[in-house]
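Asks: In order, the protein sequence lines correspond to chains A and B.
Using our numbering, read the first sequence as starting at 1 and increasing by one per residue.
Using our numbering, read the second sequence as starting at 1 and increasing by one per residue.
Check before you lean on any hint, since a few could be wrong.
With the C-beta cut set under 10 Å, the calculated list includes, among others, these residues of chain B facing chain A [stated by the list, open to error]:
id	residue
1	Gly120
2	Leu131
3	Ile148
4	Arg181
5	Asp304
6	Pro305
7	Tyr487
Quick caveat, the hints were computed from the structure, so don't treat them as lab data.
Every residue gets a Cβ at the ideal spot worked out from N, C-alpha and C, and that includes glycine.
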Amino acid sequence: MNALSQKRHYIQVLVENRFGVLSRVAGLFSARGYNIESLSVGAGQDPSVAQMTIVTVGDDHVVEQITKQLNKLVDTIKVVDLSATPFVCRETVMVKVNTTTRPEDRQEAFRIAEIFRAHIVDTSPATYTLMATGEEEKIEAMIGLLRPLGIKELVRSGTIAIAREEVKPSSKSSRHESEITA
Amino acid sequence: MVKMTGAEMLLECLKKERVSQIFGYPGGVVLPIFDALYKDPSLSVVLTRHEQGAVHAAEGYARTTGEVGVVLVTSGPGATNTVTGLADANMDSIPLVVITGQVPTKMIGNDAFQEADIVGISRSCTKHNYLVRDIAELPRIMKEAFYIARSGRPGPVLVDIPKDVIVDRAEFRYPETLALRGYNPTVHGNRWQIRKAAGLIAKAKKPVLYVGGGVIASDSHAELAELVALSKIPVTLTLMGLGAFPGDDPLFMGMLGMHGTYAANMAVHHCDLLIAVGVRFDDRVTGKIAEFSPHSKVIHIDIDPTSIRKNFRVDVPVVGDARLILSDLLEDVRKIRDEDGLSDIGEWNDQIRGWKEERPLTYRHDSEVIKPQFVIEKAFDLTGGDCIVSTDVGQHQMWTAQFFKFLKPRTWLTSGGLGTMGYGFPAAIGAQRAFPKRRVIAVTGEGSFMMNIQEMATVASLEIPVKIVVLNNKYLGMVRQWQEFFYGGRYSSSFVGQSPDFVKLAEAFGVAGFRATRTDEVEEVLLKGLSTKGPVLMEFMVDPEENVFPMVPAGGSNIEMIFEAPVRPSEKPARSSRKEKDSVITA
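This is chain A alone, in the form it adopts within the complex (with noise of 0.2 Å):
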């Protein structure tokens, strides 16, 4: 398969917030040789469901077979590939870095964080932690920032995802639709 043609999909699933509901979706990927880039789940609005956001790569081949096998699943209710309309995502990312390593390294921890409006959630004499929310390239440019500074520990969250509320074709303006088409 042509390598340009890989995408990342951002796949929202509901499912039966049922015992072992978790293995199947990742059972289904591992069997079936999918990517699975990133994996969040939380209880839903409704706590009989469960809402799971899948960031995964393939070619539309490749998606389109993850999703028809994703919707097979006796457990799985909905599955919405949200790539294919404007959407919301976000991660959030606890770093726990080193702040003692050169002098200024404190206060540099500090303003990196001012810069990714990140909240500084934990503190000690040598450490800072810091808690971020935000795209991947953020996140990911924080992380990159902070590591000259030594990073001890690392966790992120994985990617939620939404999609944007539809805007009625009656309350649209033409500056919004060709902002969406773009």
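Once you've looked at the hints, dock chain B against the given chain A.
Replies: Same frame as chain A, but now just chain B:
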């Protein structure tokens, strides 16, 4: 309302689902269920001699009747022994409900005696599975299990029931309705797509119907026959589809694929419209996918949306039940015929007739050495095809598929997708149990037969009159054939050599045994065997080096069929030099 135990409740659920036959094997945690069965004569149990045999028997039962096959086994090894059967049923879309015992809920995860995480193990080889964690869930889960097994694309469902749930007591209430919001198979095909398909059919100059097990599963052979009668479109069947269209019909081209007929493979290659019904474009059918049916538009009718475009491009996909779709399609094609007429495909059918005559299925008859194909042909002639035939896996399976003409659906049992050696004999037991008066023949080889030979005790003790035909060529024949063609004739681990004396072995089990070693004994042994009451084993000592032809070498295009063993240029010098050496030594 009286309270009942989980075991009693389970049997009530089975009765609600109109089950009358169970295949199984008892053990520790399921003893209360077998005890309840002992007291309840309305459910009959076939005790097989291995749990794998029980699952294949249930498959045979399900495939011949169209109903859900039921298996009951114990926890741990009982459960793990069902895995091959589950995987087989999952690949071939056979509806099963397999009930396994489990250690008590509180002990799960503690590595208890005979504990196995069968729900985890079987997840990827079942359509769905359940662990019953509370007796209150049992009726709902059983109802869902049967519904899921038989609806949509059928398949096996496993229900794991811990010991404490089996002995717990509760009131029994079988749910009237199902609430499965995540499972709702599409049944009716999209009318717009069907109309498009009809349009393509009406205009095609060189159409082919490529039909598989889906037509048998959905009982749509009558609709298929009508469509063929109306359109005169030639038909090829997959291994799983044999029997969906009469094997003696002039428009039948035979099976396609790796060991398909010349005519079928040529027709699929040259057609301008491929109408695929209840098939999944398996690699044994398509050969090299890039060169499969290169000139055709493709209509694909299947109930499983994941089958569509999984392996092959499709122009008009129609998801739904083949019977409903074919009857809608018939309506549309008839309408077009009445309004504009259908295109004439007489020339195309002439071309196919030419291919059939050019290279029919054939073999070299020998008046001394028994040719395996001859045994199959004779079995067909003597029975007139009025029987149920099962096979194991290998050369004998392909010869049966090629030379036995299946006239009706649900008379052919073979392991298509998984290719399970050891499938055929137990499957025949299940079929015979479903149809005690019909003739059931299990064709097998000396390799496959050994994989579930213990079931001879089952047929002997229950007097299940299965007729076993063993084609003994002293080799794992298909392995040997590949080694001959593609591995320089190095017969690594494929020579079986000394098999037991099957006739004596049959007698030891209490099964009548006959043997033929020469061609002129074949008919006599078959006649004797088929007319003997009760279970019979007939062993035919066949040509050890006979090959299955035509053959598409693995990875090759379907029109690159070979009709004789390939010449191996690299082998020639080696062999001749050895000959020289030999002659030097002898000289």
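Asks: Does each hint hold? Answer for all of them.
Replies: Evaluated hints:
1. Gly120: holds (7 Å)
2. Leu131: holds (7 Å)
3. Ile148: holds (6 Å)
4. Arg181: Because about 5 Å separates arginine 181 of chain B from the closest Cβ in chain A, which is inside the 10 Å limit, the hint holds.
5. Asp304: holds (7 Å)
6. Pro305: Where the cut-off is 10 Å and the nearest Cβ of chain A is about 5 Å from proline 305 of chain B, the hint holds.
7. Tyr487: violated (28 Å)
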